[in-house]
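Protein chains in written order, with my numbering: chain A, 1 to 361; chain B, 1 to 289.
One should not assume that every hint holds.
From the structure, some residues in chain B lie toward chain A, with a derived Cβ separation under 7 Å [said to hold, decoys possible]:
#1 45
#2 101
#3 187
#4 189
#5 190
#6 193
Worth flagging that the hints you see were computed from the coordinates, not collected in a lab.
Cβ atoms here follow ideal geometry from the backbone N, Cα and C, with glycine treated the same way.
The lines below spell out each chain.
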Amino acid sequence: MIDGTAAHLVVSGITKRFAALTVLDRVDLAIARGELVTLLGPSGCGKTTLLRLVAGLTLPDNGHITIAGRDLTKVPPHRRNVGVVFQSYALFPHLTVAGNVAFGLNVRRRPKSEVAAAVHRALQLVHLEHLAERPIAALSGGQQQRIALARALAVEPDVLLFDEALSALDRNLREEMQIELRRILREIGATAIFVTHDQDEALTMSDRIAVMNHGRIEQCARPREIYTRPASLFTLQFVGLSSRIAGTVAASDNGRIQVETPVGRFEAAGTLAPGDRAIVATRPEYLRVGSDGGGNTATGTIRTIVYQGSRCLVDVEAASGQSLLASLSGDQAADLSTGAPIRLSWPVTETFAFPAPEARP
Amino acid sequence: MTTPTAAPRRVPKLGRERLAAVGFALPALVVLMALFVAPLAVLFAASMRGPDGPTLDHYGRLLGSATYLGVIWNSVKLALETTTIALIVGYPAAFAIGRARGALRSLLLASLFLPLAASVIVKAFAWTILLRSDGLVNLAMMALGLTQAPVRLIFTETALIAGSVNIFLPYMILPIYTVVAQFDRRLVEAAATLGASPVEAFLRVVVPLTLPGVIAGVALVFSLSVSAYVVPTLLIGERYQTLTTLIAKAYLLAQQPEFGAAAGVVLLLIAVVVVTLSARFGRPVRGRS
Numbered sequence: 001m002i003d004g005t006a007a008h009l010v011v012s013g014i015t016k017r018f019a020a021l022t023v024l025d026r027v028d029l030a031i032a033r034g035e036l037v038t039l040l041g042p043s044g045c046g047k048t049t050l051l052r053l054v055a056g057l058t059l060p061d062n063g064h065i066t067i068a069g070r071d072l073t074k075v076p077p078h079r080r081n082v083g084v085v086f087q088s089y090a091l092f093p094h095l096t097v098a099g100n101v102a103f104g105l106n107v108r109r110r111p112k113s114e115v116a117a118a119v120h121r122a123l124q125l126v127h128l129e130h131l132a133e134r135p136i137a138a139l140s141g142g143q144q145q146r147i148a149l150a151r152a153l154a155v156e157p158d159v160l161l162f163d164e165a166l167s168a169l170d171r172n173l174r175e176e177m178q179i180e181l182r183r184i185l186r187e188i189g190a191t192a193i194f195v196t197h198d199q200d201e202a203l204t205m206s207d208r209i210a211v212m213n214h215g216r217i218e219q220c221a222r223p224r225e226i227y228t229r230p231a232s233l234f235t236l237q238f239v240g241l242s243s244r245i246a247g248t249v250a251a252s253d254n255g256r257i258q259v260e261t262p263v264g265r266f267e268a269a270g271t272l273a274p275g276d277r278a279i280v281a282t283r284p285e286y287l288r289v290g291s292d293g294g295g296n297t298a299t300g301t302i303r304t305i306v307y308q309g310s311r312c313l314v315d316v317e318a319a320s321g322q323s324l325l326a327s328l329s330g331d332q333a334a335d336l337s338t339g340a341p342i343r344l345s346w347p348v349t350e351t352f353a354f355p356a357p358e359a360r361p
Numbered sequence: 001m002t003t004p005t006a007a008p009r010r011v012p013k014l015g016r017e018r019l020a021a022v023g024f025a026l027p028a029l030v031v032l033m034a035l036f037v038a039p040l041a042v043l044f045a046a047s048m049r050g051p052d053g054p055t056l057d058h059y060g061r062l063l064g065s066a067t068y069l070g071v072i073w074n075s076v077k078l079a080l081e082t083t084t085i086a087l088i089v090g091y092p093a094a095f096a097i098g099r100a101r102g103a104l105r106s107l108l109l110a111s112l113f114l115p116l117a118a119s120v121i122v123k124a125f126a127w128t129i130l131l132r133s134d135g136l137v138n139l140a141m142m143a144l145g146l147t148q149a150p151v152r153l154i155f156t157e158t159a160l161i162a163g164s165v166n167i168f169l170p171y172m173i174l175p176i177y178t179v180v181a182q183f184d185r186r187l188v189e190a191a192a193t194l195g196a197s198p199v200e201a202f203l204r205v206v207v208p209l210t211l212p213g214v215i216a217g218v219a220l221v222f223s224l225s226v227s228a229y230v231v232p233t234l235l236i237g238e239r240y241q242t243l244t245t246l247i248a249k250a251y252l253l254a255q256q257p258e259f260g261a262a263a264g265v266v267l268l269l270i271a272v273v274v275v276t277l278s279a280r281f282g283r284p285v286r287g288r289s
């Protein structure tokens, strides 16, 4: 979090259009030194374009980018000192591992001994110093990923950018690399932006997540807050599971609203006016079997029970086919069976209400 | 890189693969043996034929005379100049085609391939028409007032080089284009984010990675232009003797097939040396630090 300290990287009012398409629409983002912020969103949301703008590989139509107080908006990429780890790694196939890692230092005309030491340090950090003299083609995907990271780290960039850097790895390796990467970035105190469409990756890696949609940042907050306090329907739907019920606001009083739905009347925090179409929602973890789980209750029939180890995910069909998802602890789920009627309840404080998206013609 | 652990099991598989490779090469091998190696053997034999058994006299006559050495140099010089200019013109052209998209790319590729369909003789004659004293170039220059009287263009070295570059340029562009078309532009972006200026990214990344195409183009254009016969005959004529015109004269006019054969072998050796050297430089660059 920024917390009073001056932000290290500031993106302000960035707009980028490709022909008639507005890819980024007045985006603001401030990142503290040493912080890892993830840009999370579906493909086409503008997250990669934002990353490329920070790297200087694309120029914005409007807005400014500053790093450590220096305005970089129009500075070409090679004078920015911003490291990028590309999705395809973009390693130089004509150079060895050491040659790749040394590239940035050689370009900077650093003395040989200094280059050798920096290459060794960077390779040590990714635990691949024994591969220094290998050609790139002889490396596995995971190794290439680490070399791409080592190459970016070797020049000690002000900011490190990762463009879907782990998405080419298979699942186990990816999860391993997420933890590894987190360790390395902590160790060197790097300020980093991580672009991904994988919410689990975002939740695992980030200090903060910026959820992006249609060229805008919908919400930028800590992972827990993104999950427990989604600021928009999009964030709610894009990150994690949720139950969503459409209805109409029946009453509004002092930041509390009552929403009438086919499933029942629910109370939530919100400022919508009576008569507004609304979506009430909650996360599966907040639902309890019975009536004492909180102020909102609903009844239905159990459709499926998915065993998930310590917990069970139960899909309940409520009135008019409405689906409610409950994540229940083992003992709560013990007596449940599909087809049986069930009553669920959840706290009003964990119930969200959003204006319903306008119906498309 | 050899991985010792994997070696024992890979040997039989590799043997089979090699066998298959030989099998695939067999038809070409047979054709080359019959149409290439056999005539070359005849040529070699002819170049050493003397009244009293094998002799190197014909080579001595060729390499011992300043005039003939000058002829050899003419051939090499023509090939070097053609190759150099074709490289300077062709390298950026290959990038232009590689970067073009859609219809423009098809158009550029067609303009590259179509001239290959026209015979060298036709193209060489076209140049003579363009460059003669009442040719298009002279008419244009006089119309623009650049010159009062027609300038001598045809039968000059300039005409020779211009025609030669024009005719052999596609052989430079094609192999470079093939490499450029596969070139991953993110490598240049990666270089930029690592601090390389556009010039440095070009020198450190683009040049080494397109080098195999360049070397293939150089080998092709050099061997084609060093052995060109129609182009020097039509565009410069008697004033500029090359090995090829010398060979033709030895066979057709002087009735000295042995001398012609020796000159042919020398020409072949020049081409072989250049192609071998470029193949050596053109090996896929592997792991330099």
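Here is how each hint holds up against the structure:
Interface hint at residue 45/B: violated, since its Cβ lies 45 Å from the closest Cβ of chain A, which is beyond the 7 Å cut-off. The beta carbon of residue 101/B comes no nearer than 15 Å to any beta carbon in chain A, farther than 7 Å, and the hint placing it at the interface is violated. Of the supplied interface hints, the one on residue 187/B holds, with its beta-carbon coming within about 5 Å of a beta-carbon of chain A, less than 7 Å. Checking residue 189/B against chain A by beta carbon gives a least distance of about 5 Å; that is within 7 Å, so the hint holds.
A least Cβ separation of about 4 Å between residue 190/B and chain A falls short of the 7 Å threshold, and the interface hint therefore holds. Satisfaction of the interface hint for residue 193/B is found here, the shortest Cβ-Cβ separation to chain A being roughly 4 Å, below the 7 Å cut-off.
Violated hints, in rising order: 1, 2; the structure is consistent with all others.
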